[in-house]
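Start from chain B and add chain D according to the hints.
Chain by chain, the residues:
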Amino acid sequence: MVDVAVERNKAAAAPKRRKRDSLRTALKRKSTAAFLMTLPLILLISLLVIYPAFYSLHLATLNKSMQRFVGLGNFQFLFTRETFWLVVEQSCIFAITAVIFKALIGFVVAHFVHNIPAKGQRKWRGMLLVPWVIPPAMSTLAWLWLFDPSYSAFNYLLAGVGVDRIPWTGETGWARFSVILVNIWVGAPFFMIMYLASLKSVPDQLYEAAAIDGANWWQRIWYVTLPMMRNIIAITTLFSLIVTFANFDIVRILTAGGPLDRTHIFATWAFRIGIEGGDIPLGASVSLFMIPILAIAAVFILRDINKRGNEA
Amino acid sequence: MSRKKLSRRQFVAATAMSSAALITAPYIRSANAAGKLNIGFWDHWVPGANKASTELVNEWAAKEKVEVTIDYIPSQGNKNLLTIAAEAQAKSGHDILAMPTWWPHAQADLLEPMNDVVEALIKQNGEVNGTVRYLGKSGDKWLAVPACIGSQIKGPCSRIDLMKQHAKIDVQAMYPAGAAPKADAWTTDAFLKAAEDCHKGGVPFGIGLGETSDSVDTVGAFFLSFGAEVVNAKGDVVVKNDNVRQVLEYYKKLMAFLPSDAPAWDDGSNNRWLVSGKGALIMNPPSAWAVAKRDAPQIAEQCWTHGFPIGPKGRFAPYLPYFWSVWNFGKNKPAAKSLLTHLSQPAAVEKLVAASGGYDLPAFEKLTTLKTWAEESPPKGTLYHYPNPHNHQKLSISAAGAPPKIAQQIYTQATLTKMCVRYYRGEAMEKTLAWAQGELEGFMRS
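Listed in order, the protein sequences are those of chains B and D. FYI, the numbering for the first sequence is 64 to 375, going by the working numbering. FYI, the numbering for the second sequence is -12 to 433, going by the working numbering.
Any given hint could be a false lead.
Dumping the calculated SDA-like pairs for lysine to any residue here, alpha-carbon to alpha-carbon at most 20 Å [stated by the list, open to error]:
#	chain 1	residue 1	chain 2	residue 2
1	B	Lys263	B	Arg283
2	D	Lys23	D	Ser62
3	D	Lys265	B	Pro198
4	D	Lys265	B	Ala222
5	D	Lys66	B	Leu204
6	D	Lys124	D	Glu99
7	D	Lys66	B	Arg92
Derived, one-sided and incomplete: chain B residues facing chain D with beta-carbon distance under 8 Å [said to hold, decoys possible]:
#	residue
8	Asp84
9	Leu86
10	Arg87
11	Arg144
12	Ile179
13	Ala319
14	Pro322
15	Gly341
16	Asp342
None of these hints come from the bench; they were simulated from the model. From a predicted model like this one, the values you see are computed outputs, not experimental measurements. Where is the CB? At the ideal position from N, CA and C, for every residue including glycine.
Bound-form chain D, shown alone:
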């Protein structure tokens, strides 16, 4: 059997020729005629929720003949924030990228305007709440599309039995399933009294006072319900006002009834507090209830998600929207816009909400009465009031009112929580306010 020997020269020549042929060969368009789309979604903590978004994307991709790749980016360890920062620096990355709360404003100059998409969706699905406008729009420019996936309200989740037993409050009667709330008596004073009663009963409210999101969101809602503004819409520091003094006094009283280790709590502490049966109320989206459903069903059966107490200046609930954004250096903007429109259709939203067990919240008002929230159990109707179906409370975000880039600093540095903890620990009111003034002035950098 003869074997032809390939010399080194022949090998090099053959390699060079084949490389040249590959490079110069004409690009033959395949079925993927509309190009490629690279998507960075938030990695949902609910098992199966990512599958629903993948299915929706694939359904659209098959119709539009677009080749898609999806990266699910977790928020643990701030990997999503690192991705946003890296792509903004590199001016390269995903065609669609999920951004939480403050990030569309933080990257406003690098984002493609989404007016055509969002305005059409508002016409179709109804108005968005003020917080979505505040965080998603800069002047006349919609910076991103409000996303259903990951958006949440962090209202109270109470134990029906413990609230009845210790605070003599029937949360189900106050927020009946399938009907409008009857919560006129659910005031900040009533809340304080209930906190005291539950503390005496050995099941304190589990509200964190740390520097992570859950603690900041709760304190922010109380600040707003007392009209306590620290920086106004013009960007002036106005922290030394009576409303701020009033809310600090209120929080000082409330903190006496919270767990003593609350200043060290992170975003998991309140969940554990509820699931372990140690407390009568926490402020959280239904994730804690969902964990209880899996790990402690007898506790889940007693959980009821409802609205915030009303303060002197109104009833505010912490709302954290997610957005889907498109970089202005993105390579396939028309396809990105088309997909985002597809993902915001009522049928798609319904699928996403169901897949997340009711956790995800669409921003549009016509989509807050889906059957998932009415039917989730146990107990049946536990999530009915979660999406604020009766517009009973104003959805807000901590430090709202201040220009978003300043508010982001107030939020990230947990300035409001720190003010409460400092004052509670014995610092003089004016000293706390002076400290806050100094901090806030430092956030004015541009």
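The shape of chain B in the complex, shown without the other chains:
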């Protein structure tokens, strides 16, 4: 009996041991360790990003006093507003123009820096990153003083050479130019550093082969550099497009959306309506409208990357 009982216990203990062993094995796995290490970040993102995102979806379905479910009523209402379409247009102009120029400037500057001898390159890289590492709210305040309607430092300099004062933030065209310029100034170093990293990974042999084939400077860029950088250009563009579309601080500080709403973008208009105007559901709807636009852009850009990946 005793033996049998012992055997029974043994039989019951076996699955337990197996479970313990499999747990130990799972814990020893690299992927489990990686998951556990990223768990705090996942929780943080869930708390600070995913929860607010779903909460804003919920808010966007309520009426102004937040007491009644209106489904897609807020979006329907927005589609009838002239100012909303103005904001859509401006957000696109702002983001696309800024990203194109940031990419161009980043590309050119990355080439310059790449061609600087290795000894002095670090210094230049550091200096060129300064606009990107200063918090935009702070640097935009400096720009605000440079563009001040009455005491602009730029206008002071222009007056010195006999040029009329420019209404940097007072006229529609100039105001749009100013906010885009500051965005480019802040964001171009990011492109520069990404492109520089990409340039450094292009094998020199390719350039040598191109030179032997008699390729000129432009042909080397077009047939060697750009194809080798395509993926990083696409990813950087997508990332920057998302960040630029969602920009708030630069426009808010520089023009607050004026004059005549002509520099409002999604985030600033959402703030004006939701927080300043007390219509939180409508503000949430405006900010959510960025998602489909960015999703379409992401699909196009990432699809292209996949294609190239398959080709490779």
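Relative to chain B, chain D alone:
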């Protein structure tokens, strides 16, 4: 020397026992028998003004045995509005929270009625002006207590010397210190002529045409003085009327004499305009004068705060009251009401006004003749007419007349200013009105 070793089990047991003891121990009432009170005041820009409110609160707290904490919440970056929105969503927050202008109405459903406090204060301190009633009362319910701290009139602040030199107007004679105004000739036409003269003299009036509060308040007062209603009290859009056309024509003429960059001005631009000596008049509470007193005393000596010009339908001045509100989910409402009563006593109000250098305005009519306004200088009496001591002008807020929740949208979106700028920039009158009609219809959401 022997040392007793604490095992892990003993440590866990000891921790658990002490935690249990702490949780189950009876709450012993201390001296703070009336509980706690958490206050969110507006962070005053005048150095030392917060100290006065802290002292008043502490004085009350010591008497009532209440434990108080005060957060001073700045309006820069709309931090106060964000706090209001967050607390309304969370249904948790300060027991007393300062709310500017439109916010008691915006949060009306979540606010504790304050009839008992406000009605008693009116009996004691005199009637409140129409704008305070309009913004602070919904039906029979007082939504909040009119606050002295932060309330302001944004009337003209003129340069005595420049107005005399260029516009041939003696603002001190028109608004003498210590006496009733003699400003019958101070009409909107006279104002326009003075703006033209000062513009010709190279010291234009510094009136903003942007989308921030100062610009909106000024244009709103002119709209009211022309009887230009855009949405009526029933909530109907009535923007296409002759009074609106008339005020747009007037503003178009006025804008020609304002700085060309005025559409890009924010609430700091007019202050800088006055302090730098570039202009003869701005529309502001005495904050610009106070800054000039510190940074450019020779300019401050020439500043005189006075009343608005009279238009075809009356004399209106922009008035922006602050309120102290109590959430209906607040935890210590009796203590909150008691403190708000204390802060609205004449002695407390006098202290707050003095601490703010005359900037803060009590809402009650018996408290508009305090000695601070009579004595502030230079020049002596410069603030005498700031609190409207002779009821010379009607205190109003831009878009007043429309139901407050609609008016808030008109105010926040700067619809009136935008109408003026659009028309000035060459848009046809009817097109501007049609644009405004579309905008206003969009503000009818409930």
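| Which earlier hints turn out false for this structure, listed by number in ascending order? | Structure breaks hints 2, 3, 7, 8, 9, 10, 12.
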